[in-house]
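Chains as they are written, first to last, in our numbering: chain A, 2 to 118; chain B, 7 to 90.
Keep in mind that the hints were calculated from the coordinates and are not lab data.
You can take every hint at face value.
Cross-link-like lysine-lysine pairs, in silico, PhoX-like; alpha carbons within 25 Å at most:
no.	chain 1	residue 1	chain 2	residue 2
1	A	Lys97	A	Lys40
2	B	Lys81	A	Lys94
3	A	Lys40	B	Lys81
4	A	Lys40	A	Lys101
5	A	Lys40	A	Lys94
One letter stands for each residue in the lines below.
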Amino acid sequence: MIEVLGWMSLCVGVGFTVLGCLGLVRFPDLYNRMQAATKCVTLGTCGIMLGVFLMSGFTALGIKALLCALFVLITVPVAAHALARGSLIFGVKLWKHTVKDEFTDDRGGESIIEEEK
Amino acid sequence: MTVLIVVLSFGAFFCLYRALQGPSIPDRAIAVDIMGVIFCSITALMALKLKLAYLIDLSIAIAVISFVGTLALAKYLEGRSLDD
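Assemble the whole structure, with the sequences as input and the hints as a guide.
This is the structure in structure tokens:
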């Protein structure tokens with residue numbers, strides 16, 4: 002029973018991760034890509050680590066897998082947020098169909114939404 | 007288990023495409039970061055498959071190094087020093 006749950010968790014995790022990577026290839030601009038990749042890969046990695054824990058039980062491998070899941074859950078969104086903020090300040094343009102850019106509005110700067118050609 | 011590792015490797019190939027192709031620096035940075043996290047989960051799966059418990063330590067180390075590298079690059083893009 003636990004084994005089956007572990008396999009299910011592993012499969013869900015791998016599926017989410019690969020779909021997130023597909024989003025990294027397919028989406029139109031940096032911020033969309035970052036959103037897709039970060040969220041999907043975080044959930045997918047946590048699923049894989051949970052599956053490893055369920056299949057190996059309360060051994061050193063399982064407990065360390067849970068610790069790794071916790072670490073990934075905390076650090077990957079933080080890194081993506083820092084990188085998104087950095088690239089906004091660096092001047093990477095938003096997609097041309099973007100509706101709202103509150104970061105630039107609040108700072109009172111010039112809009113960096115890409116011009117439509 | 008082998009099938010899962012191969013499918014994850016395809017995900018890593020997608021990230022590699024974005025890291026080579028990406029129009030801007032942050033594109034490459036986020037692709038390499040995501041690739042690091044994927045390698046982290048591949049290592050965990052190999053620890054389970056080969057029954058080598060110490061490989062999970064390597065997995066944690068890869069996650070830490072990937073996080074620190076991305077954070078340093080984000081600070082560089084923002085134009086500030088690291089202790090700011």
